[in-house]
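Trainee: In case you want the letters, here they are:
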Amino acid sequence: MSEGALAGIRVLELGEAVSAPYCAKLFADYGAEVIKIEPPGGEVARRWGPFPGDRPHPEKSGLFQFLNTNKQGVTLDAGRPQGRALLGALARGADLLIENQPADRARAFDLRWEALAEANPGLVMVSITPYGRSGPYADWRGCDLNAFHLSAAGHRYCGRPGEAPLEQGTFAADFFGAAAAAAWGLGALFGREVAGGGQHLDVSCAEAIAAAFVGGQNIGAYAQDGKWEHRTGVGMPLGAPATILPCKDGHVWMLALEPGQWDGLVKVMGEPEWAQLEMFRDMFVRAQNADLIYPLIQEWAAGYGKAEIMERCQAAGVPVTAVFDVAEAASHPHLRERGYLVEVEHPVLGRLRDLGAPFRLPASPGGPRTAAPLLGQHNDEVYGRLLGLGPDELAALRAEGVI
Amino acid sequence: MTQALPLARIRVANFGWVWAGPVVGQTLGFLGAEVYKIESRARVDMTRTLPPFAGGVRDPDRSLSNHACWAGNGSVTLNLKKPEARTLARELVARCDVVIENFGPGVMEGLGLGFEDLRAVRPDLVMFSMPAAGLFGPLKDIRTYGLSLTSTTGLDSVTGYAGGPPIPFENAFSDPYNGILGAFAILAALHHRNRTGRGQHVDYSQQEAVMQMVGPAFMDWVLNDRVAGPLGNRHPAGAAAPHGVFPCAGDDRWISLAVFGDEEWRALVAAMDDPEWARAAAYASHEGRLAALDALHEQLAAWTAGHEARALAERLQARGLCAAPVLGIADLLDDPHWRARRTFVEVEHPLGFRETIYGAYVKPSRSEPAVRPGPAMGQDNERVFQGLLGLAPERYAQLVEEQVIY
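Keeping their order, the protein sequence lines are chains A and B. Per this note's numbering, the very first residue in the first sequence carries number 829; after that it's consecutive. Per this note's numbering, the very first residue in the second sequence carries number 39; after that it's consecutive.
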């Protein structure tokens, strides 16, 4: 069994909720040694569900479990001088420090790269916050929701006109920021000798989306022409069909833009006479007549199940897909055959299913092997092995509530 | 100022097209890698054909969105339908550390550019393939666009107004997400190569990578057998109430606001000048607010609707609340925060026009990238084919003439 791709990298995570924990999980899932540092009472995700039976318990959060696989967990109170000293000592031996503390707490913890780098010039530090560490909103309080909607992604791309802009029903900004932080953080680490040492990376979840998603498509046009579109609630405005439509047992993503795709769909629909009309000529004309066209396609779709529509369309070269719910997505034979779903043994939750590695590295496998750590589970081991603290010192730190 | 960027010694051949593949190369480019898009006038990348165009001139080198997505990539043109072009592609790969592609499974093999073909010329190659659903499995040949890929992950099933049908996300959020995460995958493989000397073929299933974003709902299904539906702007773990987007004064103006816990609730009530409705007993606890969320959101919306979004956000921030204006496209260039962070920058295109693209959306303290717009087609042909591959000028001219380099 080959070890993970990132073996040999030591990561400290001072994270809570989703962004920094998911970023650090990416490192942990591919073999880095990740030490998660929590305050003595545990980080906030331990108080966020889902919990089995909806009964809150600090060791039973499904969210915490998902975001913290393969990590070692220690506690320390970085609000106290002794806690900060322990943090500094751990940072001296680390390659990467991933944190997402709010601005005021980061200052209280003395989380400054310049100071940490004096003791460890090779350290790469990644800060992942909703708005970033500089600019007028740097000290604002925020969460995933605020970050997402500061990017214009919802305002432009999701929701009905006249109704509230929407986020996808997950922590989309936090995941996006985590991915950006992981890529840039690993890049800075990979090339730190080339670049002349470690550095600090300031990641704003909102900015990553505003730039790489919204900016990638819209900003040149707006800057040049001053024109921009609103969300439609229907789907892609430029071409049709490109929308979600209801069918017999749920919904399908109805997509047939290129001529061959449209012809394929017409064939699957049994070549109805209406499909020959001028307003069905090409994707642009179809989009202009979407109000008339979608009900006709929908009428056909209502007679079939989503799996059947997907199967028949795909066979005809049409990129129509079923809108899977979470259970259908997770139960699909494709993912089973790829081994995407795994099982881990959790000391309190028991044996449970988990999502596997987000991508497959054949020569250096990844994915969850061990469950998320219990609160302070690795205090003795980590402080003993890395900092040489003995049982008496650990007992004293415990007695004072530092760990 | 010249400074070495972390990936200064890494060279990448990017066969990617449309959006996800380009962003993989772009991310490595931001970090200093030398990246070449391999493309052809025989089959122009779709994103080069998308309006709007610089100055309104329809030309594959003037698509504005293309220049943002392909920033930092170079370009060489090879008509891969021709055997000599495939030979040149292999010779280029022999001098590269990484190959990126986002075709369906088997396409690169069909061109004689599969992993085995390329490993023969570059034994420690990291090859990165990012088909919709991975390189093997029953759905490997599934046809999707980034727009609809999310439907196979469960993500679309939780996107929409609470209690309503799924609402389509109107552009491919997953494309840049996968582009950026894909760069992490490549860097992990390069790290492995540094330690072991071995390359590998990364099987990046866009479906599996995006499905991680559904992790919170997936865990609810695992632990409680509960299948989530559209969530609106509600907190995915039910940890904040209120938690949503509320109307403000003006046309399509909104504020995002989240309240975690009783102390923050009291701060909000105080900010609203203590209205009668907010004193309802049901709202005194988080559980109560969560149970009465629809009514609470409605009452709150009636209050926010009279306020200007940014002024209200500032007022709520002063009380320690998570609040921010909801921005639209037209706000991005003027917003003081994004201006201060230089999120969007005006650059000079090599063809002589100025355009606005996004800059380094991560701010490195040491390795600040130079931001260059996406390439003109074939702009690096001479440098690559004559410089790097050492073709004599006559031979190069002949291959251009024969539309091999095309």
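Please keep in mind that the hints were generated in silico from the structure rather than gathered at the bench. For every residue, glycine included, the Cβ atom is placed at its ideal position computed from N, Cα and C. The reader is advised that the hints may include incorrect statements.
[To be verified] In silico SDA-like pairs for lysine to any residue, Cα to Cα no more than 20 Å straight-line:
1) B:Lys-119 to B:Met-415
2) A:Lys-888 to B:Pro-89
3) A:Lys-1055 to B:Glu-439
4) A:Lys-1055 to B:Lys-178
5) A:Lys-1055 to B:Ala-92
6) A:Lys-888 to A:Pro-1175
7) A:Lys-1055 to B:Gly-288
8) B:Lys-178 to A:Gly-1145
9) A:Lys-1055 to B:Arg-96
10) B:Lys-178 to A:Arg-1109
11) A:Lys-888 to B:Val-265
12) B:Lys-178 to A:Glu-1139
13) B:Lys-119 to B:Phe-153
14) B:Lys-119 to B:Glu-439
[Claimed, not checked] Partial pick of chain A residues on the chain B-facing surface, computed with a CB cut under 7 Å:
15) Tyr-985
16) Glu-995
17) Gly-1043
Trainee: Among the hints numbered above, which are violated by the structure, and what are their numbers in rising order?
Mentor: Numbers 2, 3, 4 and 10, in rising order.
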